[in-house]
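Asks: Next come the chains, spelled out residue by residue.
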Amino acid sequence: MVEFAMHNAWLVPLLPALAFVIIIFLTKPWQKLSALVCVAGMVASCVIAALAAYGVFTNHEFTEKPLVYAVRWFSMPGLSIDVGVQLDPVSAMMMFMVTFVASMIFIYATGYMKGDPGYSVFFSYLSLFGASMLLLVISSNLLEMFVAWELVGLCSYLLIGFYTHKISAREAAKKAFITCRVADFGLLLGLLSLQIVFGTLNLTELAEKVSHFEQYTTMGILTLITVLVFLGPIGKSGQFPLHVWLPDAMEGPTPVSALIHAATMVVAGVYLVGRTMFLFHEVPSAMELVAITGGFTALFAASIAITQREIKRILAYSTVSQIGYMMLALGLGSLTASMFHLWTHAFFKALMFLGAGSVLHALHHKADVWEMGGLLKKMPITGYTFMVGCLAIAGIPPFAGFWSKDEILLAAFDTGHYVLFTMAALTAFMTAFYMWRLFFLAFMGEEKPENHPHESPWNMTLPLVVLAVGAAAGGLMGTPWAPLWQEWIFFGEAHHVEPNYLIMLGSVVLAGAGIYLAYTLYCADQTKAKAHALAEKYKFFWTVSYNKYYIDEVYLWFNHTFVDGAAKLFYLFDIYVVDGIIVNGLAAITRLSGEGMRVSQTGRLQNYALVFFLGVLAVAVILAFTDPSTAASLTGGAK
Amino acid sequence: MLTLTVSLHHYLILAAALFGIGLFGVLTKRNAVAVLICIELMLNAININLLAFNKFMTPNDFIGQIFAIFVITVAAAEVGVGLAIIIAIYRNKLSVNLDEIDWLKW
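Heads up: the protein sequence lines correspond to chains E and C, in order.
Numbered per this note's numbering, the first sequence spans residues 1 to 639.
Numbered per this note's numbering, the second sequence spans residues 1 to 106.
Just chain E, with the same shape it has in the complex (with noise of 0.2 Å):
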């Protein structure tokens, strides 16, 4: 079974895609038959993925060797693609989490989405993102990562815009994937000049080829590649500047946002630049580039998500701030803390997220935590659930989030990278605040009136039961007295750390601080007299805050000076010179010297006649100049 279930991950990723197939063919017109198959389809993926995994974890030897088999795509002279399977640790683990986590917010998207006139085609973009999204995870080449990275960006777009009703969402999807497109641009040349440089997109030659670059290129290409390389996660995984699209993204229904937009797509830019360590690991100025990226979004997003009041828009901000913690381990050169962080935050934010699902449900879309209060009493499920998300994102033992958070604080550490350290531990203790903050205004405190909470169904509450428990215990696999993920998922040579007990505490310390004030600021005095008071105090920086410091003002000032700017050049070149004078000249010039020469058609017969005789003289006289025998005869034999 489990040997089957290695040899045929295959499967994984396609049995998503014939679920895709089969409901958008087959199934459409009956919604519980499409969820059913929406869901038996990645169920039963997880169950192979779980068969793989086992198989992977069990066996030392495929953290030195990837289990790798491929099929060939397309060759000709000079280039061929193969597309293929790579097990390792670490896809394995990807693998299974991804399978895992979408299973369960499929199971409550059945309960989230009832009554909407198009839940069968919800299921079959859920489906093939699914499929998509497995296909980057397994992938052998980076070809087919590329195509699997486009299938996700698409099927993100499909659905944040799912409500066609709504300008918002439209707004929200073009804006998605505008965003990731500009950065797919930096990726695709970066992959390009890879395929020149090296010869090939297949992840293991790669790894070998890089490891001796001097033979194929100079430092200085490789950076730039590497730079180029690194665009691509700076779109999709919404590090700064490309962030923007990640909180519109919220428009889209909440199942999304738990999936796509918190644990599996935006990690895809982590992965990828996962996947290529090898290649970062030998361009010390890309690691710095990426460790910078990563450290400067997690304390950016964070600050604007303490004045953020839509509940989801917290949670986008949040996760834009754990991926740049992911981002940061991975430019300290710490493959392990990044994987295991985004193996933590995947429980925990898409718990948080169907936890938010679950509110709105219940408040009919009311998304604004400020009008809201009081709901643990009603929905103690989904309070308690959340609850567990919380602590674990604060990072407080023995929940999920304080051991792949403390790995991460560790890197920075131990790398002498103290800057950083003291921005990933400023944004600890603000991520505490912020998401105590919310979990404050909105599950404790006083019940507004006009709010009519009830628990969710079973289908959305079991979910988020089982994910609580991924939050709770999933980080128990990575403590430093049982450092199982260190030895399974590294990069280099597994590294054993002590526990350094003093950054432990400071981050419990850091995280305690953060909920004490949350809770004197939101909890405790239930006027929220003090929060008020120190908006006011510091006005500018919470209005600078609020409105996300502006940066989709820029890029929209930028956006219309320049590039409707230009267009409005090009307009004007194609109405005066194209038109004017290229097109409408070209026709004047027939007009024109045809009015000029129908005034030699008088109609007079002498005119006519006039020309013939002129034509003849011409002809004479031309002949006489140049032809000898014209010009003898003409003359008579003179000369």
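Treat the hints as calculated values from the structure; they're not laboratory data.
Computed from a predicted structure; not experimentally measured.
Check before you lean on any hint, since a few could be wrong.
Covered by chain E, according to a simulated footprint, are these stretches of chain C (three or more residues, beta-carbon under 8 Å) [as the list claims (entries may be wrong)]:
no.: 1; region: 22-28
no.: 2; region: 89-102
Here are the simulated SDA-like pairs of lysine to any residue, each with C-alpha atoms no more than 25 Å apart in a straight line [stated by the list, open to error]:
no.: 3; chain 1: C; residue 1: Lys105; chain 2: E; residue 2: Gln606
no.: 4; chain 1: E; residue 1: Lys448; chain 2: E; residue 2: Val563
no.: 5; chain 1: E; residue 1: Lys548; chain 2: E; residue 2: Leu572
no.: 6; chain 1: C; residue 1: Lys29; chain 2: E; residue 2: Ala609
Glycine is no exception: its CB is placed at the ideal position from the N, C-alpha and C atoms.
For this one, chain E is given, so just place chain C on it according to the hints.
Replies: Using the frame of chain E, we list chain C on its own:
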């Protein structure tokens, strides 16, 4: 005493002069019938040319003379047709002024 023998070029110059006068008339006369008369003049100039060449170049043959008779015949036929056309135009326009007959213009 200067003897003035009439030779070929005297005839040719005469014919050319007549042709030129006829051509000028064809190109400038307003009356259609006058144009026909000038055409006749041109044709007769050509006849003189032919006969002169016949007399001085090939005196034993009479090819030129035969050619000249053909030309006379054709001229006659052509004048008949031309006058018929002028009469037809006159019936339409009540004028033989060539300046006014410009229906083929743009």
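Asks: Evaluate each hint against the coordinates.
Replies: Now the hints, each set against the structure:
Closer than 8 Å: that is the beta-carbon criterion, and the region 22-28 of chain C has 4 residues meeting it against chain E, so the requirement of 3 holds. Coverage of a stretch by a chain is defined here by at least three residues with a beta carbon nearer than 8 Å to that chain's beta carbons; for the region 89-102 of chain C and chain E the count is 4, and the condition holds. Only pairs whose Cα atoms come within 25 Å are accepted, and C:Lys105 paired with E:Gln606 is accepted, the gap being roughly 13 Å. Proximity of E:Lys448 to E:Val563 is assessed by CA-CA distance (about 47 Å); at most 25 Å being required, the pair is judged violated.
Proposed proximity of E:Lys548 and E:Leu572 is contradicted: the alpha carbons are some 36 Å apart, above 25 Å. Taken as a hint, the C:Lys29 and E:Ala609 pair is honoured in the structure, with Cα atoms around 12 Å apart against an allowance of 25 Å.
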